[in-house]
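Undergrad: As a plain string of letters, each chain reads:
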Amino acid sequence: MRLEVLGLNHKTAPVEMREQLAVSEGEVSSALADLMGFAEIKECLILSTCNRTELYVVSSKQVPSRYTSLMSFLKERTGLRVAALEPYCYYYEQAEAVAHLFRVASGLDSMVLGENQILSQLKQSYQFALDQNSAGAILNRVIPWALKVGKLSRSQTAINQGAASISSAAIELGKALVGDFKDKNVLLVGAGHMIQLAMHSLVAKGEENKNITITNRTYAKALELAEQNGLQTVPFEGWKQEVRRWDLILTCTASDRPILSFQDGLDMIRLRKGRPLFIIDMALPRDVDSRCHSIENFYLYNLDDIQANIDNTMSKRSEEAKRVEDLVAHHTRQVLAYLEGQKAAKPIQSFRGYYDNIREAEVERFLKKGFFAESQREQLEHFSRALMNKFLHQPTVEIRNLARAGATEEELHSYLSSVMPATSIEEGEEE
Amino acid sequence: MIPTHFILLLVAGVCYTVVTFGLSDLLSGQQIESRKKWEGILVFAIAAHTLGLLIAAFVRKSLPIHSIAQISGLISLMFAIISLMALRSKDFSALSCLTTPIAAGLVCFSAWDAMRPESAASNVWSPWLAAHIASIVLGYASLLLASIISILYLLQSDNLKNKRNFKILSSMPPLERLGSISHKLIQMGYPLVIFGIVSGLSLANWHWSWDPKVVMVVCTGLLYTIYLAARSSGWQGRQVHYLLLVGLVLVIGSYLIPGEVHPL
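Heads up: the sequence lines are chains A and B, in that order.
Per our numbering, residue 1 is the first one in the first sequence, and the count goes up by one each step.
Per our numbering, residue 1 is the first one in the second sequence, and the count goes up by one each step.
Chain A on its own, in the form it takes in the complex:
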């Protein structure tokens, strides 16, 4: 059994190619069924996100046709020639495949280093595979292990620390500027996508968020968002006059000229009697006249400042990536040892089954001959099983070690045949 992965991602393929190979939620079931249709594929899982499409398969044959099968699967789905697909794809087997999976789960292979979303996407893909019965002994062990590595890398290192998107970085910057939002009044100016993203980071779901106020030129939109999220509203024409209320203002409107002039800034600081005013302007073109930052006690941050914060986060994450790589390498070694050990599972089962049959027959024979009463059956069973386990312990360990050392299935069978004839000796002794 071999674990393999064939895929493409944002590093190897442009978005046009990724679009063509993407497998939507509705298509996963049929795609998994198609993959299982190949004779040599015993287990499979499809991980398809906006940045990657990867086919994880467990195959039985030791022939080079596995790669061809996966390629032909992609070819059939996309209608593209293999030669057109190949330059964008990568293919890994066994150790490399496991390491790749663990790197993906840890966020090391993500577009935004250390992002968390990939973990839930991998979990969902695994659920699809379980639903379709396409995950077997190997994937059922390796995928949960990958999820564990993903969680460990995030809890034991700072790979996912800090904000990596504009809206979350703006919120993080806001927190650094004014402290915990719980007892702070925040004003959101605008009702577009960016403000909504920021709002979702700010609000506590299902609760009243009376410390958050929203305003928008189209007031009905502000009212709608306020109602959905338990916020307060203020008319767009009046928010500047009420500037004393807020500790932080986040703004992102579609206005093509500043909605807050230099004079407005001066008036606001006068109204606040010098109390510091923090504004984070996420709009492009900017909502706030940049000269406002020169006003005493007026602190204005724009997209460049937010980006600087993101760059800082990413550089910290890059420093952490080395620690995650070590974690991935450690767990990859463990999984490989497990997979090698799995090769021994079947031989050990048949080996022990052989001796167990003999043991059971002997128990029956001794009871039948009256050496032991029927009431003593349980003790006899217990004794015989314990004795058998003692005798078989060493050969079992030997088989497992051979498998871990990389012995082929033929070599394992050859070892087995050397230990099986011992049964006849035992039978002789009994007689």
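FYI, nobody ran anything at the bench for these hints, they're computed from the structure.
The calculated SDA-like cross-link candidates involving lysine to any residue, where the alpha carbons are at most 20 Å apart (straight line), are:
1) B:K90 with A:F181
2) A:K273 with B:S157
3) A:K273 with B:L243
4) B:K163 with A:S294
5) A:K273 with B:I181
6) B:K161 with A:D304
7) A:K123 with A:S29
8) A:K240 with A:R291
DEER-style ranges, computed between Cβ atoms:
9) B:S34 with A:K75: 53 to 63 Å
10) A:K123 with B:F44: 51 to 61 Å
11) A:R244 with B:W210: 37 to 47 Å
Listing some non-contacts, in silico: residues in chain B with all C-beta distances to chain A over 10 Å:
12) P3
13) G22
14) S62
15) I81
16) P127
17) L185
Note that beta-carbon positions come from the ideal geometry of N, C-alpha and C, so glycine has one too.
For this one, chain A is given, so just place chain B on it according to the hints.
TA: Frame of chain A; chain B shown alone:
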């Protein structure tokens, strides 16, 4: 022979100075290495400092509150403990860069007192005098700490304005919190200083003299009255903290300047 308490106080002073240099990077938002080491040195220095003060009190057979230099030994110990607490805190570590040098300066001043052959301290003692000293010491310590936090406020706001280094945000609390802590300390220290002035006048039988120390203490009281009036009418921001910088000069000046009835 060199007195033991002089050596102990001097050792504490040297340790505080070393820690001051070791922690200087905190003010620029840098992470310092081996924080535990600096904490250890501070703990050792505080132990030496405390022991030095106890031995001094034992040798003199009186509490170290009979001169400005002796009182400095107590105030510096308070600042050293504040430094240690700040260094151990999550977002106040930068404060230790400013409180440790004050502890170093004041403990050296009190060590100098230990070498004086005969202290010029007053031997007059009364409950009013004890109340006067206690309120002025605690009041001045609060005002001094408030002004130091104002320096942090101005540094932080300067960093935010120049967008030099966002890392510094994590080593200091947000501006409004700094402003609020500084304000609370002044609200606490101001009545104590006023009580100290009134009790001092009472001890002088309400006789006003143009003693430079007394004049400066009254000026300090007036400045903080102006500050509190401005704050209560809603004024905040950098200008208010510039006022507290002037307050810092007055607090230090009025504390160290010798007066007729306040021997160094």
